[in-house]
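K.L.:
Okay, here's what each chain looks like letter by letter:
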Amino acid sequence: MSNILVIEDDDIMLKAIRNILRKDGHEVITAKDGKEAFEKLDNEQYDIVMTDLMMPYANGLEVVSRIRSNSEKRNVGIIVCSSVGNEETITEAFRLGADDYLKKPIMAGELMIRIRKLLANRSGNVKLVTKKK
Amino acid sequence: MGVTFVEIASGFFETSVFIYGVALLLIYALLAIMSFLNIALFLRKESYTDYKVIVGSPLAPGISVIAPAFNEGLTIISNVRSLLTFDYPNYEVIIINDGSTDDTLEKVINEFSLVKVDFAYDIKLSAKPVRGVYKSRDEAYAKLIVVDKENGKAKADATNVGINVSNFPYFLCTDVDCILHEQTLGMLIRPMLEEENMRVIATGATLRMANSCEVDEGVLIAIKAPRPLLARFQELEYIRSFVMGKMGWSYINAVPNVSGGLGMFDKEIAVKAGGYDPASFGEDMELRMRMSRYVYDNKIKASVRYIPTTLCWTEGPTSVKIFMRQRTRWARGLLQLMLAHKKMLFNPAYGRVGLIVFPYNFFFELLAPVVEFLGIIYYLFLIYFGLVNWPYAIILLIFVYTYSVMISSLSVLWDQLTFQYYKTWKDVIRVIAMVFVEMLIYHPLIVVFSLRGYWFQLTNRKHSWGNMQRAGFKKKSDDKPKKPQPAVSAS
Amino acid sequence: MWNDLVELLFQAYEQFSLLPLFIEIALAFIIIAIAATIIAYGAIMYKRYKSYVHEKRVAFINPIIEDLITEQVLLNDSLGKDIPTEEIEFNPEALANKVYKKPFVRQILIDTLIQYRKNFRGEVGDLLRKLYLDMGLDKDSFAKMKSVRWEKKIKAVVELTQMDITISDVTILPLTNSTNASLRAAARNAYIQLSKNEPFKFFDIATEPLLPWDQLEMFKIITTTKDIAIPNFSRWVSYSTNKSVVSFCLKLIAHYDQQSAIPAVMELLNNKDHYFRADAISCLGKLSAEAAEEKMVKIYNHQPLNCQLEILKAMGNIASGKYLEFLKSEFLFSSNFDIRMNAARAIIKHNTQNSRLLVEELMEMTYEENQLIIKHCLNPLIKY
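Chains as they are written, first to last, in our numbering: chain A, 1 to 133; chain B, 1 to 491; chain C, 1 to 384.
Simulated from the structure, these hints should not be mistaken for lab results.
Glycine is no exception: its CB is placed at the ideal position from the N, C-alpha and C atoms.
Keep in mind that the hints are not guaranteed to be accurate.
Derived EDC-like pairs: lysine to aspartate or glutamate, alpha-carbon spacing no greater than 20 Å straight-line [unchecked claim]:
(1) C/383 / B/118
(2) A/15 / C/71
(3) A/103 / C/227
(4) B/143 / B/182
Derived list of chain C stretches under chain B, where covered just means 3 residues or more per stretch with a C-beta under 8 Å from a C-beta of chain B [to be verified]:
(5) 14-26
(6) 39-50
(7) 90-101
(8) 144-158
(9) 210-216
(10) 328-341
Partial pick of chain B residues on the chain C-facing surface, computed with a CB cut under 8 Å [what the hints assert, rightly or not]:
(11) 44
(12) 48
(13) 56
(14) 59
(15) 167
(16) 300
(17) 301
(18) 396
(19) 403
(20) 406
(21) 409
(22) 413
(23) 420
Next comes chain A alone, as it looks inside the complex (with noise of 0.2 Å):
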C-alpha cells in the first residue's frame, strides 16, 4: 500500500481526489494550503505527493522545489495537478523536478494509471539503489 499527499485549496477537488484514490487503495492524507503540506511533509514519508499550484501560504512549485532539495525525499514521486495551462509554468514544474504535470479538469482513470506508473518506476529506483550498496 503507498501513501500518497494530496495537496490542494480547492476542498471539492481535494475530498473527491482523497476518495478516488482510497478506492484505489491507497492511504491517503490531505494538506489543504502551502503551510499545512509542509507541517505534514515533515512529519511523515510518502511514496507520492500530488500538489496544486496556487494555494495560500506557499504555491505548489515551493513544494516541489523542497521536497528535491530534501536528500531523504528524493525519491517521492511527484504530480503537480493546477488549472494553469501555459507552458511556462509547466516547464518551470519540470524544470524543478515534477514527475507529471496533470491540467485540471483532470481524468480519473488517468491520474490512477499515472500513479500505479509513477509507484512502479520508483520501487524500480529503490530497487537500484539497494543493489548498488
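Got chain A; can you put chains B and C on it based on the hints?
P.N.:
Chains B and C only, in chain A's frame:
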C-alpha cells in the same frame, strides 16, 4: 454704514454657505444612488463569473506587482510569501527595498536564496540610484525580483524604480505590509479587459483596516472590525469613501483617485504621463490627474474604474499623533495638487475630469474644512453678539447630523449588500456605533488636521523637501499614502 | 379623541407653515433622513438574517449533495470498465430524496456539479452530466433562460454550456449579437461549444466587438472542447471587418500553428492600425514564419516602437540566422534601450554557433550598458 456692510457681508456669507451646503447634500444623495446602481450591476455580473477562467488561460495579460518596503524586517518574509500566492497565471513580484536600515534585505536574501544579478533596465522614470537587483536561485521563486535602492524618502520614488524594472503591460501598486486577497489580480484586471471603446487606465478596489483581523503569516484568517476607536472610525470612513464614494463616481467615470494602497495601472500610460512624483504629498491622486491630462491631450478615450469588493487590508494608525501626520500630509497633497493642476479646473478640454472630478475635489474636498471652520467662527460671532436664533440653529444642526448619519448608514448597508465581511453582529455594531459619534469626535479632528496641512503647505512651500523627510517612511504604519481621499466626508 | 388629534396636527401644520423656507426644508429632510436610516438598518438586519438562514441551509445540504456525487459518480462501480456512460445507472433511491425537489437545493446541486465538471473530464465528467440530466436539472436551466433578468439568462447559458447541453440555434444565435456585452459573450461561447456543424459561424456575422475578457473563456472553450472542428482561421483574418475577431483569430492561428495562414497574416503588415500590426507580427513570430522575415526587416524602419519591438521578438522566434547582421546593428547603434534589449535577446535566442560567436564578439566591442544587457539576457535566473 458699518452695520449695513456687516449685514450685507453676513447675508452674502449665509447665502453662499446655504447654496454650498445644499449642493453638497445633493451630491451625496446622488452618489448614494449611483453607487447603489453600480454595485447592483457589479453583483449581477459576479453572479455568473468564475475567475478560475483567467487562471487557466494562456491569454491572461502579464501583471507586475510592485511593493516598496522600508524597515519591514519583522514581517517581510511572510509578506513576500503571500504576494507569491496570487491566483493568477502570469505575474511577477517586485519588492523594492527602499534603503532600509534594518535587516529587511538580508532576511529576504536568505529566505529566498537570492543572488545579485546583472540586471539591465531602462530608466524611464528618474529615481534614486539602485544598489542591486536580486533574483532567486530556486526556480520556485522565479516570479520574484528584489531591488535594493537608496532611500528616496518617498514611496513614489521606490514605486518608480519598480516600474522601471517591471516587464509587463500592467502594474499593481501596493505596500509590502498590505494583505491582499488571492483573487486581487484577476478581479482588478477584469475591468481593464471588458470595457468597450475605452481604454481603462486604472482600476482599484476597497481597502479596509487590518487592525483587529486575524492574520497568520500574511494570510487573512478572520476579518474583524477594528477595536481601537481611531481605527474603527477609519474603517467607517474607508467604507464610505470606497463603497459609496468611489463606486458612485466610477458609475459616471469620474473617479478622483486610485488609492496608493492598492491600484492597478496601464503601464504605458503611467510611464508616458511621467510616473509618480516623489515631490508630491499625494502622489497617487497626482498620478491619476497626470494620466488624465495625458489621455485627454492625446485624445485617448479613457476611464478609471472601481469595484466594491475589499481586496486589501491595511493597518490604520491608532495613535492620534501618527494619524495627524497622515492627514496633514494628505491635506497638503490635495492643496499641492489643486494648485499644480489648476488649469484643469472647469476646463472642458479635460472632459469629466475638468468638469466634475476637479471642481468637486476643489470645492467639496479642499474647501470643505475651510468653509466649516469659517462657519464655526461666524456662529461664535453671532453667539457673542446674541444674534443667534437658537431654535433654528438647533434644527439646522440636527438636520446636518441626521443627514450625515443617513449617508454613513447607507454606506454600511451598501457594503453589507456587496459582501458580508463581518461574520458576527458584534463587528457590525462596532462599526455602526461609529456612525453616530463620528461627527462629534472624528470629524473635528479631520477638519483641524486638514487646515494644519493647508497651513504647512502655504507657509513651507520652499521647504517642502525638509518636511517630506520628516513625513516620509519614518515609522512602520506611519503616514504612508494609502489614501482613501474621503470622497464623502461626514457632514 | 379623533378631533383632538386632527386639531393638533392642524395646529402643527399652521406652525410649520409659518417657519422660514429653509427651516421647513430642514425639518422635512430630518424626517426623511431618520426614516432612511431606520430603513437602512432594517435592511441590514434583514439581509444578514437571510444570509444566516441561507448559510445554515447550505451547511445542511452540502454534505448530502457531496455524498450523492461521491457515491453515484466518483465511486461508481461501473467506472473504468469500458461501459458506455449512457448505460450506467444511478441508484434511483438516492436520486429520489425529497430535498432535491426544493428549488434552492437544485440550484446548489447544479453549481456543485459544475464545480466538479471543472475538475474532472473524461468518464467522470460524462457521468456528472448524466446525473444532471437524470435529475432533470436541465429543465431548471432552460427555465432560467426565459427569465427577463439578463444575469439569469447568462447563468442559464453558462450552466448549459458547462454541462454540454445543446441549445437550439434559434434561441442562441440572436443572443450572440445582443447589445448586452456579457450576454453576448456567454451566448457566443455556448454556440461554439454546442453547435456541432458550424461552431464558428458567428465569426461571420459578429458586428459587436469580442472583448479581451470574453476571449479568455472562448479561447479555453475552443482549445478544450473535444470533437470541435478547427477551421482555418486565416479566413477571418482576410475577410472579417471586425478587428477584435481578427486579433482573436491571430491568437488561435498561433496556438494551432496554422502555417497555411502565413500569407493572410502577412497581409496585415500593411494595416494602418499599429496595435493591430504588432499583433500580426507577434503571430508570425510564433509561427516561425521565415517567409515573413524579409518583409519585416524591410518595413522595420517605418514602424512605431511597439511594432519594431515585436519585429525583433519575432526574429528571435524565427531565428533563421539570415538577419544576424541586422540584429547586430540594431543592438549596437539604436539609441533606444528596449530595442537594444530585444535585439540582444533575439540574437541569443538563435542559439547557434554563429550567434554565440556574435554574442562573444559583441561583448568585447560594445560599451558597458550594452554588456550589461547581454549579461542580463544570458542569465538563466532572469526570465524576461
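K.L.:
Which of the listed hints are not met by the structure?
P.N.:
Per hint list: 7, 16 and 17 violated.
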